[in-house]
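S.K.: What follows is the residue order along each chain.
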Amino acid sequence: MAEEKKQTYETRSIKRLESSKTASAYQKQWFHTLRPRVEAGEPFALLCADAPMEIFRAMDIPFVVYQWWTAICAAKQMSGTYYGYMKDAGYRDDICSYCSTIYGCALDPHPEEGPWGGLPEPSIIITQSECSVMSKIENLMAEAYDHAEQYTMHRYHEPVITENWWDKAFEHYTELSSPERLDFYERELRDLIAFLEQKTGRMFDMNKFREVMDNVNEQDYWYRKTRDLIAENKPAPAVISDTVNAVMQAQWQRGTKWAAEHAKGLYEEVKQRVDENNPAVPNERIRLMWIGRGLWFNLAFYNYFEEKYGAAFIWSMYLGLAADAYGRFNYEDNPLRALGTRFSMITDFLHMPPWNAEWFLKEARHNQIDGVVLLTSENCMNNGDFYYNIVKTLEDNGFPVCMLRADPADAKKWNQETMTAAVEDLIVNRIEPKLKK
Amino acid sequence: MAIRKEAAAGKAFAALKEAYGNRKAVLQDLRKKGAKTVLVAGYDVPDEAVLAAGMVPFRVTGYYGGPRESAEKYLEYSFGAIWKGLWESLAEDYAGLADYCVFCGSSDMFLKLYYYFRTLKRIEPERKLPEFFYIDYELVDKKLKTQERNEREINRFIAQLEAWSGNKVTEAGLKEAIGLCNEYRQALRAFTELRKKDNCRVNGSEALMVIGGSMFMDRKAAVEAVKAVTEEAAAWPVVEGTRVYYAGSPQETTEVYEIAEASGCCVVGEDHDMGDRMFDTDVRTDIAPVSALAERLITRMPSSEKGSIKERVKFAGEKLNETQAELFLTYMNKNDEAYVWDLPSIKRNVLEPNGIASCTIEGQTWPLTDPEGLKAKFAEMAKLGKEAK
Ligand code: SF4
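Chains as they are written, first to last, in the numbering used here: chain X, 1 to 437; chain V, 1 to 389.
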């Protein structure tokens, strides 16, 4: 089995926000209640990140998003252990780390030793044919968890190309999809509901679902306000080593009252820092944007540049997307249709041209960014968001970009010196000369 | 071994080799003649619909004429050799040679490239790019809703073809085109009978050239050429060598097969669409044409990228039995490695119980970075296959 490489650099980030700690604590606590529930015979689902988790929430089916679980394993420096199990079983341990960690967990003979008491055995695995490799890993996962039933949801592409999708996402979301696409996703959701009803014996309650949708709207309202506070205040009241954790963990509980309240708490805490003139990085001179998956095993990386250069990573997709992409209003007639546009379009907004580049530019402007670090996932074959267009769009508009190629899940492949040098090069040679002008 | 002199001497083979080696010339000629050509980027586009619209389907393959500078500039490193080649062809080499291009989701990369090209057209409007269309199939789940979706998509494509061509696509026209394409597929299947063990007259390189060459010909001429080359091939010398079944990245040129076959192997079947997979099943003629076209999409051999592991295991057993292969090769270009997840299950369930050797070659690029190393691997593989037997 692969040995976890000893770190020679600090990987634990500075935690400045209570909300970040409370999110972790809640999540840990939630996890401890999960195993007894599952052992008592409750259903438990593994979902891929783009799955419509609101349906599961409304049916009170506990779930884990397996890419997020990867983040937890990486943060706990446990990924290497799981890749080792895969290698022992004849699989490669050097590709698709972000999506395959969960398969390593499925092969773990001592699952209870995993993070937070380990992942219980799922009874449902929801997959989406978004990436062919992912589908194969999901096949293996379903085989390894032999009591789990795999259900596949499908995708239909071709969103309508429109300027400023973020202006339409809340109220005019139907304009972002063709009628065929709207129908398609509504049907996918109805089919999923039928499957879950049959599998669990629970009936889907449309009123409960509306409540979930309302909670999501409330949660995202607070995220918008938090994002705006960070964007509009210089120096910023919070940086991403705090916000990624606070937001991702609460997004996992999306649709609950707790998550909405946690988002409000996050806002209030950040607002207080603004009111008390208590910025995250008091010597902030440079504001950086991080595009790509979070560096879960080394969140301290984001802090490294603060003291030395006054460079603060203030933007990540986790808060940005929560602020701009999730909210859906005016759905009274058909909340399923509204949800369909949410879960189907996140991938487009984030990964597909031209939506992604236009949004990054809008966010760079709004957040008064000086430079951008773009992490591309080293061993993801599906990795490709038309970076050429993203880089060109940002650089043509005055935002220098530095691209890092790394594995966001596997600590043993991270080269701290090279990556630090690349960001330093961005700061020293591209941003600072510009600031001096 | 590669292309043998007896094969090269044949008239039909020479014509197919010419089309295979000079794809761009074929496209230029179509342009000159004023044909309405539809560039086909995907392995599941129904050529029958294109033909029924009075247009010419032309499969886009990669550019192999030199460095792929445009692809290097615009694409991420995660695009493997096939996809970089395709970009270079469409963005540069074929620029201005066709007005229309259709993509479909036979691979995730086709979808990505469709989005990229659509964006490229927006950000660089001066480029001579064709008009793009995407057929959004579901290709894995065998359900009624899949069939219905695929029928809808084919009808949507037909409507687009009608708009492009100005011709009505009629049921009779579709039936006629299905008949022609079935005849083409049957001719190719008859030809590949000559890769079978008891009378193996055609090696993998020759097969690729015939299959690929016919792809770039006028469909009626292709049928005749394949039938004629089948007659020629019956007299070619019997092929020796370790019988290898090839799974993995499509091979758009014969280079890799030629190296393998010069090293003691003989590729007797493959699961990609420049080879066997292209013609493994016909389109039914006893049901409505659009339904039949849609049905074929999910009854084809499972693709190495999209097929579920269960299907791939089943298919591997069947193909190894059918081709009597002595070795199962998984060949992967760099960043084109979905197949790696199938292999342990195929090994456990098919290869080991039947004593069939397997070999995995990973991380390949174009141009090949280490042809000598590859040659050595193939030589080792040839030995391994024989020993396992
Ligand atoms: S290719 Fe990328 S998205 Fe697909 S399974 Fe691998 S890591 Fe995940």
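Among these hints, one or two may not hold up.
[What the hints assert, rightly or not] Distance condition first, Cα-Cα at most 25 angstroms in a straight line; then the derived PhoX-like pairs of lysine-lysine: (1) V:K73 x X:K392; (2) X:K87 x V:K334; (3) X:K168 x V:K334.
No lab work stands behind these hints: they were computed from the structure.
Quick caveat, the model's predicted, so the values are computed rather than measured.
S.K.: Could you check the structure against the hints above and give me the numbers of any it violates, in ascending order?
M.R.: 3
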